[in-house]
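Participant: Sequence:
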Amino acid sequence: MTPVFVMATIVLVGFFITKKMDISIQTRKFLSFTVINFALPAVIANSIFQTPLDREMWNNFAVIYIFGLVLSSIGMAAGYFAAKSMGYDSSSRRQLAILAGCGNTGFIGIPVAYMIFGSTIGVYAAIYDASTMTLVFTVGVLLLKGERFSVKQLRSLVNAPFITLVVSLLIVSTGVEIPMYFTELAGTLAGISAPLAMIYLGLLIPTIPSSSYKAVRDAYKRFIGAAVSIKVLLLPTIAFTALLFLPIEGELAYIIVIQASMPTFILAIVLFERYLGDGSQNLGITAILLSSLLSLLVLPIAIFLGTTYL
365 MTPVFVMATI
375 VLVGFFITKK
385 MDISIQTRKF
395 LSFTVINFAL
405 PAVIANSIFQ
415 TPLDREMWNN
425 FAVIYIFGLV
435 LSSIGMAAGY
445 FAAKSMGYDS
455 SSRRQLAILA
465 GCGNTGFIGI
475 PVAYMIFGST
485 IGVYAAIYDA
495 STMTLVFTVG
505 VLLLKGERFS
515 VKQLRSLVNA
525 PFITLVVSLL
535 IVSTGVEIPM
545 YFTELAGTLA
555 GISAPLAMIY
565 LGLLIPTIPS
575 SSYKAVRDAY
585 KRFIGAAVSI
595 KVLLLPTIAF
605 TALLFLPIEG
615 ELAYIIVIQA
625 SMPTFILAIV
635 LFERYLGDGS
645 QNLGITAILL
655 SSLLSLLVLP
665 IAIFLGTTYL
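Quick note: the sequence shown uses the numbering used here, first residue 365, plus one each step.
If you are wondering where the hints come from, they were derived from the structure by calculation, not from laboratory data. Because the structure is a prediction, the values reported are computed rather than measured. Hints are not guaranteed to be accurate.
Stated by the list, open to error - For lysine-lysine, the following DSS-like pairs were computed, each having C-alpha atoms within a straight-line distance of at most 25 Å: (1) Lys448 x Lys585; (2) Lys448 x Lys509; (3) Lys383 x Lys393.
Using the sequences provided together with the hints, build the complete structure.
Facilitator: Right, dumping it as structure tokens:
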């Protein structure tokens, strides 16, 4: 439980920083860029370098990937029909589907898993994140654009963490010995991933003026409530219940429950702004912040249940 409380404290540190100095958009971009392009790839590489890849491990990768796709799809469907039942328009239904189904399994999920459980879980977390990103940049973008699928959408999958995942798996699969310099570099950079991600989350808290919070709260109270409840409460509950009846246990089960408990993914802000505009990113930021705070409360419970009963 201690690592979770440590992460919550680091989030508060990030928020405290915003009270003592002006944090520009460029500063937040710098942190985000550093985590996505250096720290997360380092976690993935360091995890893979320390994990023996045999047939059982590849089977585990397939299980995690499929589980990730299924859980995210359930969340998206639940979000869409929840918005429809509450009478929201088509655009809001599509937004709720994204917010409820797609978790922050990369930016937060990978560092958290690595920090709490170590290298093998870090690899599993990266595989789960690959399934999330696959769904985001196929079904997710289709929902927001309202157009037909295009292969060009898959280009967004080619980012630093994904490239690192593929290249590292190929290198380790060939049996090539990794020079100590690279393993130490990856290990050092991996150590900063969780702290930087948590500080970034803290820096996000004051980014929306109180007037915007009030507007979102008044017009979209049930919307935000549904997004947060489905993402942080319903999906981990479904994951845990399913795993009780399936022959999946140990680290494999832990990471599925943990990643299912992750808050709404940060890229929702970018996608809403790009495809919808009209200040819709405020909904994304609000859902991200609230689901992130709730996730910090749910995560210790998910870890306890997973390690005790799975």
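Participant: Broken hints, numbered, in rising order?
Facilitator: Those not satisfied: there are none.
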